[in-house]
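This is what each chain is made of:
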Amino acid sequence: MADLATAPKNASRLVPLPGRRPRTVTGRNLQVGVALVIIAVVVLSSVFAPLVAPHDPLLSDPASKYLPPGSPGHLLGTDDQGRDLLSRIIWGGRTSLLIAVVAVAFSTVVGSALAIVAGFAGPLLSGLIMRTVDVMFAFPVIIVAVALAALFAPGPSVVILAIAFAVIPYVSRVVFAEVKQQKGQDYVEAAVSLGAGHASILFREVLPNVTTQIIVYATSLVGGMVVFASSLSAVGIGVQPPTADWGQMIATGARVVISGNLYVALFPGLMVLIVALAFNWLGDGLRDVLDVRQRSGAPSRRKTGDAGADGRDTPVGAAGPDGHADASGPAEEVPR
Amino acid sequence: MRRIVSGVALIAASAVLLHGCAAGGGPAATGDAGEPVEGGDFVSALYLEPRGLDPHRQVFWETYRVSRHIFEPLVQEDLTQTEGVPDLQPALAESWESSDDGRTWTFTLRQDATFHDGSRFDAEAVHQNVQRVWDEDYEFYDEEAAGRLQVWFGNLSEAQPVDDFTYEFTFSEPFLGFPRILAQSMYTLPIGNPAVWEEHGNDAFADQPEGTGPYRFVSRAIGDRIELERNEDYYGDRPYLDTLTFRIIPNNQTRVASLLNNEVDHISYVQPDDVETLENAGFNVPEGTGAQLIYLSFNYDNPQLQDERVRKALIHGLDREALAEQVFNGYASPQYSFLPPGNEAYDPAVRDFEYDPEAARELLADAGYEPGELHFNLVVDVANENLAQWLQDAYGQIGVETEIVSLDRVSYSARVYNSEEGDGLSLDEFGETNAEWLFNGYNGLTGRGLDQDDYPEVTEAIQEALYTDDEDARIQQWQEAEALLRENALVIPAVNLTRYYATGPNVQGFTFASTNWYDLSTVWLSE
Amino acid sequence: MGTVKRIGWRLLLMLPILALVSVLAFLIGVLTPGDPIEAQYANRFTAEQLDQIRATYGLDLPLWQQYFVWLKNVAVDGGGISIVLGVPVFDILGPNFLNTLILTLGGVVACVVFGMAIGATAGIFHRTWIDRAVMLIVQIGSNLSIYWFGLVLIIVFSLQLQWLPVGGMQSRNGGGFADLLAHLVLPSLAAGLISMLVLARFVRIGIIHEVGTEHFKTFASQGIPRWKLYGKHVGRNILPSAVNITGLEIGTLITGVIFVESVFNWPGIGTQLLNAVNGKDYPVIQGGILLVAACYLVVNLLTDITVDSLNPRLRRA
Chain A
196 MADLATAPKN ASRLVPLPGR RPRTVTGRNL QVGVALVIIA VVVLSSVFAP LVAPHDPLLS
256 DPASKYLPPG SPGHLLGTDD QGRDLLSRII WGGRTSLLIA VVAVAFSTVV GSALAIVAGF
316 AGPLLSGLIM RTVDVMFAFP VIIVAVALAA LFAPGPSVVI LAIAFAVIPY VSRVVFAEVK
376 QQKGQDYVEA AVSLGAGHAS ILFREVLPNV TTQIIVYATS LVGGMVVFAS SLSAVGIGVQ
436 PPTADWGQMI ATGARVVISG NLYVALFPGL MVLIVALAFN WLGDGLRDVL DVRQRSGAPS
496 RRKTGDAGAD GRDTPVGAAG PDGHADASGP AEEVPR
Chain B
5 MRRIVSGVAL IAASAVLLHG CAAGGGPAAT GDAGEPVEGG DFVSALYLEP RGLDPHRQVF
65 WETYRVSRHI FEPLVQEDLT QTEGVPDLQP ALAESWESSD DGRTWTFTLR QDATFHDGSR
125 FDAEAVHQNV QRVWDEDYEF YDEEAAGRLQ VWFGNLSEAQ PVDDFTYEFT FSEPFLGFPR
185 ILAQSMYTLP IGNPAVWEEH GNDAFADQPE GTGPYRFVSR AIGDRIELER NEDYYGDRPY
245 LDTLTFRIIP NNQTRVASLL NNEVDHISYV QPDDVETLEN AGFNVPEGTG AQLIYLSFNY
305 DNPQLQDERV RKALIHGLDR EALAEQVFNG YASPQYSFLP PGNEAYDPAV RDFEYDPEAA
365 RELLADAGYE PGELHFNLVV DVANENLAQW LQDAYGQIGV ETEIVSLDRV SYSARVYNSE
425 EGDGLSLDEF GETNAEWLFN GYNGLTGRGL DQDDYPEVTE AIQEALYTDD EDARIQQWQE
485 AEALLRENAL VIPAVNLTRY YATGPNVQGF TFASTNWYDL STVWLSE
Chain C
19 MGTVKRIGWR LLLMLPILAL VSVLAFLIGV LTPGDPIEAQ YANRFTAEQL DQIRATYGLD
79 LPLWQQYFVW LKNVAVDGGG ISIVLGVPVF DILGPNFLNT LILTLGGVVA CVVFGMAIGA
139 TAGIFHRTWI DRAVMLIVQI GSNLSIYWFG LVLIIVFSLQ LQWLPVGGMQ SRNGGGFADL
199 LAHLVLPSLA AGLISMLVLA RFVRIGIIHE VGTEHFKTFA SQGIPRWKLY GKHVGRNILP
259 SAVNITGLEI GTLITGVIFV ESVFNWPGIG TQLLNAVNGK DYPVIQGGIL LVAACYLVVN
319 LLTDITVDSL NPRLRRA
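Quick mapping for you: the protein sequence lines, in order, are chains A, B and C.
When the count follows this note's numbering, it moves up by one through the first sequence with no breaks and lands on 531 for the last residue.
When the count follows this note's numbering, it moves up by one through the second sequence with no breaks and lands on 531 for the last residue.
When the count follows this note's numbering, it moves up by one through the third sequence with no breaks and lands on 335 for the last residue.
Bound conformation, chain A alone:
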């Protein structure tokens, strides 16, 4: 029963990740290559920030605050404390990426676990879990974050928890739909009829197949979560100053937009965008790689999988006979 209520919902949520999908394999490889290069550059420059950054990210010079981009010595200009924006962006990658990746990983693990349990449980437990997830959707995240901040010391842990609160319901729904779909597949049904146990079905049949979708979905979340963290920073629940952090930089920069300093938030925002795009492309690429491996072993993942224009753009959720959907999801749906 609960499944009935949830499945169509998932269907709509689970919009396939669009991104640009070059048709040729070389095109796709190029895309993944570019994504990997971007991520590598960002990660490496974060790790080696002390060597790469032109200035100390904490070195303030109040006399030269809000220098415009292109000022001598400050390629991207300076912020409200006269600190070098470029250096702060380079250093900011450390905290931002770490928080986003940890938060997404944490949410993904918890959310997936919930969904898998729900997927294999009886209608009562399944309903309970998925309804609880519904309830999480219904709470204004910022208010919840304030309450969380009261419970824990301010800082990255609260950010991660708040992100988890916002993301777990999405992950759960995505994965739940996928699990249900996998369970309905012929090969799984066949395994069941052959007397396979739950654990066996879970680990041998379903998990390997949903993992693809989980990973793709998770990679698509990373960029959005940096932006979401900036919302938290704007209300004071975030990385503590003066630590450089993209979210924090966007939040403080947004305070002077009308005042004429549009760029202070723009540059870290662009950085988030670039990283988000890279992760999305990487996710797409990963799916291709994993799909290929899967197809070689198991039957086609989706009943309608090959009906789409290029085999991956299939909107199964749209009108698929059983209402299931492609599970790669809209990361950006998380309210912020």
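A hint or two may mislead.
Said to hold, decoys possible - Listed below are several chain A residues computed to face chain B (Cβ distance under 7 Å; list not exhaustive): (1) Val341; (2) Pro351; (3) Ser352; (4) Ile432; (5) Val452; (6) Ile453; (7) Gly455.
Note that these hints are calculated values from the structure, not bench results.
No residue lacks a Cβ here, since even glycine has one placed at the ideal position from N, Cα and C.
We have chain A already, so just place chains B and C on it with the hints.
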């Protein structure tokens, strides 16, 4: 003007405590555009939601910036004055005098005032106001209001009408500062229409506030606006504007954009970064001296800061001129006394501990801290992160390590009341024009862990000034008390904002008064 | 299972969910830091007086009792009395909630209109540069900070072009439907941005899928104009899920408009909630969260029912 934990601005990070004023460089009043014109609808944008419009319960300055157009006090301050201590003027009382011992105050009331429902203002009405906040036997005694007014009316031993238009207060101790306290906005006695609470009850008053003022209440939509209209029967000078609308726009950026786009005529709490933008666009950002002091409070629960040498070092280590220049773009004046400018007892010449990093380092060494050994938390609300980062840098230069704890607004106020280990400094704002304010300010420090018994000479000096019966010595006594407080390095005065309001190009006659509210009944709109 | 029975079952299921929501809403209120009475009355009252005031708000009771007192207040007493403003909670939240619903409606319209348009453009021009350009813009939009984006909208459309007002719901001498609409445009765009991009992706994929089907190809080969096919055939097939996604986005909008309300000074419930959190105004926080959550659940239910009736096939899932 105790800073009230106020609504909003989690979001836009708009709610800062900063507020106030000081000397600067431009005109404090706008307008020399010919003859005043009657008519027009004026829209002001407040930065936070006002609290209940109840004369005796009201707290928080945005509340009484609205309500002072509805309620009037017995005595008022001259709000056209832009500098120095505002003069006292008759309001609902034509004159007042005290007995020789300073215990009994007699007010002669004006006879032509009426409340907004047409009923007469007289000594009986004053009495009902007093009873509401003081007389436990009165049917409409309001505990909440009484609790708030306790600080000044606690020593009131007798209060009654002498005749229809004369009223007398008797205190158990001399109270020379009483008239100016009546002219303040919070924890005092603006006059409301007793008929309202007698008919609808104390709690319902704020929904239908009535007084004798130049404007009457029309409507309020919480989160959106409060509307007032001209009181056609006002006894005083007829106000120019037909209506006053106070919109609540907590987001700093949106508020300034609304002014730029001519959707409002006036805004509160202009950000230093926006002053230039506004002036370049032809808007007025008057300069003024006000009564707000932004200061840093020590957390006295932290043993490190119980050491006077450490506190002195932290004052020596603060370059307040640079602070005003760099954080506030020069739109603030450095302050060296716990009494704010505009206060009766303010002396611009006094200095606590001048900027002297060398002296600061020596004091710290003396107290046993090598560079880097003293560290504590700077607790701020998110809107003051920029100030905190500036301070962190400044204190780093005298070898004091600080960690910023930047919190959402609600957590901030909770944290400063119940500090955690390692908390060192927090940011406050406070200030009134009456010398007695020092008593308030000092009491406020107890909320930061100060034990007044640890500083008996300060406590004593304040008590003495509070209950003096020597009018000639009163101000001097307060100044002496302030000097003692200052020498003990009990607080770090920081700055006063010198820009605070902005008005549209066609707004005439607005004065940035040297206290923390304003009078719109003298404002008009030119074409 | 029949439609009626299923709806009945959903309604029944809502009861325990609502109970859970109410407990959580209550707890979040309690969890917000600090003491509301201290915040309101600090330093002016003795400890005994503070306790007395606490008692008048029932804050001296054990938590579970407070919870039931609060439930009673919600049911019969207008949600209790706001500690900060001194008036019944639902008197404060009611009008603001209505405003939030208006904004949400605006967001939904923006979501549907632009989401469909963007998605259809990309889908119809699939495999061309138009598709790629549109989808890149969608990606960019999806990673924008709404707060920053809102301010940029204000700069462009209000301050530079002077087409639309900055904020609020009415002009200085305002009133009237046209005036409200003018005020609604920018916040709706900002509020609906994320949802419209979700919908756009969905519509795009839907079109690509439908165009790829055999029957579409058959129709097309019979010489039926493509635009007719898009309108009738594709439209009909993606409608149920489009409704579904829109419905869900309504819920997301209601819980997520806090920043939009702040930027555009929209006097909605998000602003009130934040005010309440700042003032530690328990009753308002709790009442507000309950209202928002309940509304979310109702919208969810209505969406499911609508989708059900539009697409009977989904029932057999």
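Status of the hints after comparison with the structure:
1. Val341: holds (6 Å)
2. Pro351: Result: violated, 13 Å to nearest chain B Cβ.
3. Ser352: Constraint on Ser352/A not satisfied, violated at 14 Å.
4. Ile432: holds (6 Å)
5. Val452: Since the shortest Cβ distance to chain B is 6 Å, the answer is holds.
6. Ile453: Hint holds; Ile453/A Cβ to chain B Cβ min 4 Å, cut 7 Å.
7. Gly455: holds (6 Å)
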